[in-house]
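Combine both chains into one complex, guided by the hints.
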Amino acid sequence: MDHVSTIEATKAVVTLDVPLPGIIWGWMITLNMWAKSIGTGVILVGAYLLYRHKKEDMPNLRWMMPLISFIALNVFLLFTLLDLHQPLRMVNIFFHPHWTSAITVGAWMASLFTGLVTLMLAIGLLDAFPEVGRHLGIAKTIRGKTALYEKVFPFVVFLAFPVTMYTAIIMAEASARELWAAPAEVIQMLLAAFMVGSASFILIAGKWSESVRKDLSWILMLSVLFSFLMYMGEYFFSFKASEVEATLAYVHSGGEYFVQFWSAMIMGYIIPFFIAFSSLKNENRTMMRFAAVLTFIGLYLAKSTWLEIPQMLSLS
Amino acid sequence: MKLGFLVDLNLCMGCKACEIACKVENEVPLSSWRLRVKYIDIGTFPDTSRSFTPLRCNHCESAPCERICPVSALHYLDNGIVNIDSSRCIGCAGCMMACPYGAIYMDPESNTADKCTYCAHRIEGGLMPACVVACPVEANIFGDIEDETSQISHYIMEHQGDVQVRKPEKHTDPKHFYVGGGNQTLNPLAHERIEGYGLFNNITHLKEIGDTHHSMLDRFLNPIFGGHNDHLKNESFVDMPNDASHEEGGH
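Top line first, the protein sequences correspond to chains A and B. The first sequence runs 1 to 316 under this note's numbering. The second sequence runs 1 to 251 under this note's numbering.
Just chain B, with the same shape it has in the complex (with noise of 0.2 Å):
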């Protein structure tokens, strides 16, 4: 058996109702996402249209993280999944730093990285990880890939030729797919983050990953430098030209 994910864009609607079950299941803090539905704009008006791709960890089948992790506390399940044992993990922020995909966190409460496990305790207990039972469109379809007669098998089958993984460049393998994407949707380096058009929010790079306070020496100077207030920054430097010629998967 092997566990893996696809997301129909088409159908994706920007609910972001996936987000937030996961959030709800996982108990996932604030200030951090498994999962999460980013927007974007493409092409010039009047002919625009708006893309929304959900991302989380890909399972992949040569995954990074499970490579750089040095005492085994992101490790493979006999499904495929890429799981984590907190218990275990030291904090070392290797596996942030492997994961092409930025699908890994430092958990704010546990001082441990987290990250999306395809809900492994439900699927243990039989029930379907948590975005998928809430997105209405049933965008989000999962299940075994290596059985054939699965949904998800029937999927990339009939959608061969439009089935895409993110960096395929990168060799890892990822067993996460979309239908419907492209370049611009699926390449981080294909799309502006312009500061200040965001909708709700502007651009911003957490200044901290993780407790601001989490080490031993920030115990020592805090109380006599204060903490770490300004944690948000506005920067990004992803401002690569590109053009949008054709749209993906939008509405």
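Chain A with its partners taken away, still in its complex shape (with noise of 0.2 Å):
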């Protein structure tokens, strides 16, 4: 009788309805936005330490950044493709375009930035290691070109901005979920970028300078600490619509998405924040790569978190 007395409380109930659709952007898309914040974000990072510092600081930068970031954007683009229904007819982006989608102005983006990269990548790997290909023609023409490099790189920094922000536009225009709002996920887009970028320079940052290496640690601990601001204030005082509220009194409730949010920011927001600061004054090499390795966790978990409890929302 308790379950009956349940239902004759004044309430409008659903009592017959087909399966609704669950999750449509799962774990792939997730893997692609993440693999795209660390394609552009090493550019972005390596961009300001070019800037800021001399090459002998960091002498493998001028490889390592391309190549970072070509693996990263291959992840993207490959998972990009595999989430496809009919990934064969990707070809249709390019040949029957529609403008006022940001998954057309993003993929034309993304291809061109690729594109870039990769010379990028030819002209660095080239350069720094001059036995390779020391026969082959096309090396010779590529190493005969090695000022396109600079050329190329003011381009692919302008780039990367919007490249890392598109997806941001895409969730603005998935208007059926009102969590995804555009100015909040373009800055949430590009923090993660700095997070990243930064974190895979971390990594490899073993010979560079001591100014350089405390540089990243800014930068991470600044991203880190403004993203998870933004995602507080998202979380706690959110004055969105009411689907908004329902998805995320559903987050608060608890269950898995509660878990793995919390994860998420302690993981990759909390601990790094705090091992990168105490960095800035005793330098600990091997916990600033733990940090770095927290940082990509604790950003894959978040952007999955967001990414797919609007999702859960019923729309019908």
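These aren't lab readings, by the way, just hints derived from the structure by calculation. Don't be surprised by glycine CBs; every beta carbon is placed ideally from N, CA and C.
Pair ranges (Cβ atoms, derived):
{"no.": "1", "chain 1": "B", "residue 1": "His-171", "chain 2": "A", "residue 2": "Val-132", "range": "53 to 59 Å"}
{"no.": "2", "chain 1": "A", "residue 1": "Gly-206", "chain 2": "B", "residue 2": "His-171", "range": "50 to 56 Å"}
{"no.": "3", "chain 1": "A", "residue 1": "His-96", "chain 2": "B", "residue 2": "Val-137", "range": "39 to 45 Å"}
Residues of chain B clear of chain A, computed beta-carbon distances all greater than 12 Å:
{"no.": "4", "residue": "Asn-26"}
{"no.": "5", "residue": "Asn-79"}
{"no.": "6", "residue": "Gln-151"}
Okay, here's the thing in structure tokens:
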């Protein structure tokens, strides 16, 4: 009878309906966003380091930066393709583009960006390793165009901003999911790029100068701090549509996504912040590498939570 | 010409003839629906009523699905219908994420997005949509809302003050109207989906949309790890407190 008394409450209750769609954009889209943040983040952070420091302070940056970016961008593009239900029709984006769609604009920009990063990688690698492909005609041609690296780089940095942020516009266009609001997501995407961009370099910065490593600690510390504060603002003080309130109330009530969200915040934001903060005074490279790895994990979990929770809401 | 739809919820008796007619006419696969009728029980026993709400694409004038589609698979026809070209769809599911009404599904057979087109192929041939023809009580009213002499225009004028659309706050300008609706029937946050209290089915979420083995990666991994047999998952978190103090088109 207890159950019956629950039902008797003054409520409107759905008594017959079809099954509702669950998670439509799942782990592949999370991985897509995460990898893109790395691919663009190393370019943005690398540009800042090159502006602030001498090249001799970070001897392998010239080829490591495009290499990391190239790998991450290819992971991003691969999983973008794999998530499509008709992957072979991806070419339609180029042959039948619809320019009001951020997916289209983003695909074009990301393709151009990846092409330019590939060019930088080829030049950077062949310059760094003179023995590689010494007798190959194409290698000789590329070595003859070394100056192109510096000419292309400003465009790549410029392009890294929209490539980082366009997914936020896609999410904003997904107007059924109120949680994904454009201004907040744009800033979060940018901060995510700085988080994992600096984390990537922290892992390879063992032989870089101390001042460069200190800068990386600063970037990591500030980016995780601001990103964390934004998440807290949205999580606790959201003044958005009732759908967002319902979504967040679901997370607040506990369960799988509650655990995932707070694991992400602790691992990817709170711990790295304190490690980076303490490292500014007394550098501990091992701990900084640990912080970098946690940042990667935490960002993935945070992105995953934020992507999936609004999809649990019934739209009809 | 701007084609629109109106459902008089005071007339609808939940027979689901429209749902079946749509399935047959458009060969909608199992586990997918272009049109469905949702049952909602409102009130406190013995003062209760059951409301039936047919749900389909709203053919919005400012359609988020059309805007987000990267290849113009979703496009407007001259008569205002938001149509879909399945042969162009890449299956990104952006439209499913954009539609505030949950009206788009991924066809498990074609692996492309699909939805109600107001039976555009029938209209082209001078016929009414299948659901309109099947309705035994003429609760579905279809026609040109720009034509003041059309039945739908008359109906809208006669029921001024009682004509509603779903989620007007989304500013999508739907061309699908309801008479006799209200918050409990049209707002998904205003009614509960309680596990175990369904008349004929449990409240379920589909774990996968479309073909569970749709992606290239799945094709490689499934022979190793097996398929997704647990594709029906009993989960729903819409459990919002609400008050159903008045009846809305119920029976």
